[in-house]
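Peer 1: For the protein sequence lines, the chains are U and P, in the order given.
Going by the numbering used here, 15 is the number at position 11 of the first sequence; the sequence numbering is gapless.
Going by the numbering used here, 310 is the number at position 132 of the second sequence; the sequence numbering is gapless.
These are computed hints drawn from the structure, not numbers from a lab.
Certain hints may be false.
Unchecked claim - What follows is a list of derived Cβ distance ranges for each label pair:
1) U:Asn41 x P:Val379: 42 to 48 Å
2) P:Ser278 x U:Ala19: 22 to 28 Å
3) P:Lys367 x U:Ala19: 33 to 39 Å
Stated by the list, open to error - Pairs of lysine-lysine, PhoX-like flavour, derived with a Cα cap of 25 Å:
4) P:Lys351 x P:Lys280
5) U:Lys85 x U:Lys73
6) P:Lys280 x P:Lys349
7) P:Lys249 x U:Lys27
8) U:Lys106 x U:Lys95
9) P:Lys280 x U:Lys27
10) U:Lys27 x P:Lys248
11) U:Lys27 x P:Lys349
What the hints assert, rightly or not - Pulled a few chain U residues facing chain P out of the computed Cβ check, cut under 8 Å:
12) Ala9
13) Leu11
14) Gly13
15) Gln14
16) Met15
17) Thr17
18) Phe18
19) Cys25
20) Met26
21) Ile29
22) Pro32
23) Leu33
24) Leu37
25) Glu39
26) Arg40
Glycine is no exception: its CB is placed at the ideal position from the N, C-alpha and C atoms.
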Amino acid sequence: MNFNATLIGQMITFAIFVWFCMKYIWPPLIAALEERNARISEGLAAAQRGQQDLEEAEVKVKESFNEAKAQAQEIINQAQKRANEIVDEAKEAAREEAEKTKAAASVEIDQQITAAREQLRQEVSSIALAGAEQILKREVDAKAHAAVLDDLVTQI
Amino acid sequence: MAGSYANSGEYIKHHLTNLTYGQKADGSWGIAHGADEIAEMGFWSINLDSMAFSIGLGVLFLWGFHWAAKKASSDAPTGWQNFVEMMIEFIDESVRGSYSGKSALVAPLALTIFVWIFLLNLMDLIAVDLVPWIGGLLGLPYLKIVPTTDPNITFGLSLAVFALVIYYSIKIKGPGGFFAELAFHPFPKYMMPVNLILEGVTLIAKPVSLALRLFGNLYAGEMIFILIALMYSGGIALGIFGGFLQLGWAIFHILVITLQAFIFMTLTIVYLDMASQTDH
Chain U
5 MNFNATLIGQ MITFAIFVWF CMKYIWPPLI AALEERNARI SEGLAAAQRG QQDLEEAEVK
65 VKESFNEAKA QAQEIINQAQ KRANEIVDEA KEAAREEAEK TKAAASVEID QQITAAREQL
125 RQEVSSIALA GAEQILKREV DAKAHAAVLD DLVTQI
Chain P
179 MAGSYANSGE YIKHHLTNLT YGQKADGSWG IAHGADEIAE MGFWSINLDS MAFSIGLGVL
239 FLWGFHWAAK KASSDAPTGW QNFVEMMIEF IDESVRGSYS GKSALVAPLA LTIFVWIFLL
299 NLMDLIAVDL VPWIGGLLGL PYLKIVPTTD PNITFGLSLA VFALVIYYSI KIKGPGGFFA
359 ELAFHPFPKY MMPVNLILEG VTLIAKPVSL ALRLFGNLYA GEMIFILIAL MYSGGIALGI
419 FGGFLQLGWA IFHILVITLQ AFIFMTLTIV YLDMASQTDH
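Starting from the given sequences, assemble the full structure and let the hints guide the process.
Peer 2: Below, the structure written as structure tokens:
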């Protein structure tokens, strides 16, 4: 083993290399690694959050789906009820209309009966008057005996 | 393989000698030819091959990682970027696991140590004869390509770590606290000299064991590669057997070089952690 100045040369070289490594190699690399670590853990956390959000959203979707279904059912029920009501109303209206028509018809019939009766009465009264004229053999003043005749008419 | 050498001893010696530049005995400066000349050069010479491969591989590491650092973003990484980030994460985890304090230095230091030492060790897997042969073509008498088989390199690393340990000890505990840790432990105060010796040895053992462990493992590994390579000159049967051995040892060595780099890094972190802990 011969020791010579190589020893000193190696020490100086070593010092320079370590200095260079400390100044220009280690810091950027370790910074990049730490940054990547941070990014990865961030990404994992985000993924977890996403998963959670998805689950929550699924629950929400289910809920709103059920709600919508219930609403739809309610609307259908209401519509059905309304339809029934409309049918009932229509029936009612039809019946009322029929009754009205029937009432009108019966009123007219009554009127016609009354008119016919009146006519009949008058004809009877005129026949009676003619009969009485012939019996009395003289002209009876229709005007003078109107009251008597009317009384007669009402009695018929 | 070993045909151009006088004997196998020469071959081994050649492969374990550094390309050293320094002042020769006659006063001129140049590359040493042989172990004697290297010994004559004394301390003020330099192993050109160790330094060149060490700096080259270090620059390769810094360039590759810097390229990734410039493109670093929090988007999905690909290819080389991905590999670099994996390394960073691995180092960061190791540092977090062993170092309790907060320091901007320890993690980059650990990264540099791990990757750089791994690359230096990796040179061990290049065929032992290939690079010295290329060096020979270029006119270089020696070329040892595994810098971590050079104790100068491993001690250079461990002494730098040791300097940091001392610096952190004094910075965090104060000079008095650091001295107290050495002097008043494990025995009571009146046994101070014994304490100082014990703790001093413990302190010194850190860089020495750090450097020698790495050096020893890699030196032995390289030596075994060379010994196996020697078998190629022993006939066809021995050569084929040697080929299998080479393959097996290389595969095993992949584990060793990674493990040694990891141990060096982990112990560095642990030593620095011990230095920055205030309660003993």
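Peer 1: Please go over all the hints and tell whether each is borne out by the structure.
Peer 2: Right, here's what the structure says about each hint:
1. In this structure, U:Asn41 and P:Val379 meet the distance hint of 42 to 48 Å, their C-beta atoms being roughly 44 Å apart.
2. A hinted range of 22 to 28 Å for the beta carbons of P:Ser278 and U:Ala19 is consistent with their spacing of about 25 Å.
3. At roughly 37 Å, the beta-carbon separation of P:Lys367 and U:Ala19 lies within the given 33 to 39 Å, and the hint holds.
4. The straight-line distance between the Cα atoms of P:Lys351 and P:Lys280 is roughly 15 Å, inside the 25 Å bound, and the hint therefore holds.
5. For the given pair, U:Lys85 sits about 18 Å from U:Lys73 by alpha-carbon distance, which is consistent with the 25 Å threshold.
6. With a C-alpha separation of about 14 Å, the suggested pairing of P:Lys280 with P:Lys349 holds against the 25 Å cut-off.
7. Among the hinted pairs, P:Lys249 with U:Lys27 is consistent with the structure: their alpha-carbon atoms are about 16 Å apart, no more than 25 Å.
8. Annotation: proposed proximity of U:Lys106 to U:Lys95 holds, straight-line Cα distance about 16 Å (limit 25 Å).
9. Restraint check for P:Lys280 and U:Lys27: satisfied, since their Cα atoms lie roughly 16 Å apart, inside the 25 Å limit.
10. Of the pairs offered as hints, the one joining U:Lys27 and P:Lys248 holds, with about 12 Å between alpha carbons and a cut-off of 25 Å not exceeded.
11. Of the supplied pair hints, the one linking U:Lys27 and P:Lys349 holds, its CA atoms being roughly 21 Å apart against a limit of 25 Å.
12. Proximity of U:Ala9 to chain P holds as hinted, the smallest CB-CB distance being about 5 Å (cut-off 8 Å).
13. Checking U:Leu11 against chain P: minimum C-beta separation of about 4 Å stays under 8 Å; hint holds.
14. Checking U:Gly13 against chain P: minimum C-beta separation of about 5 Å stays under 8 Å; hint holds.
15. With its C-beta approaching chain P no nearer than about 3 Å, U:Gln14 sits inside the 8 Å limit, and its interface hint holds.
16. Hint status for U:Met15 relative to chain P: holds, with the closest Cβ pair at about 5 Å, below 8 Å.
17. A cut of 8 Å between beta carbons decides the hint on U:Thr17: the least distance to chain P is about 6 Å, and the hint holds.
18. Evaluation of the U:Phe18 hint against chain P yields a held restraint, the C-beta minimum of about 5 Å falling below 8 Å.
19. The beta carbon of U:Cys25 comes within 4 Å of a beta carbon in chain P, closer than 8 Å, and the hint placing it at the interface holds.
20. A least Cβ separation of about 4 Å between U:Met26 and chain P falls short of the 8 Å threshold, and the interface hint therefore holds.
21. Here the hint on U:Ile29 is kept, as its CB sits about 5 Å from the closest CB of chain P, short of 8 Å.
22. Because the smallest distance between the Cβ of U:Pro32 and any Cβ of chain P comes to about 4 Å, under 8 Å, the interface hint for this residue holds.
23. Here the hint on U:Leu33 is kept, as its CB sits about 5 Å from the closest CB of chain P, short of 8 Å.
24. Checking U:Leu37 against chain P by beta carbon gives a least distance of about 6 Å; that is within 8 Å, so the hint holds.
25. For U:Glu39, the interface hint holds, the least distance from its beta-carbon to any beta-carbon of chain P being 4 Å, beneath 8 Å.
26. Because the smallest distance between the Cβ of U:Arg40 and any Cβ of chain P comes to about 4 Å, under 8 Å, the interface hint for this residue holds.
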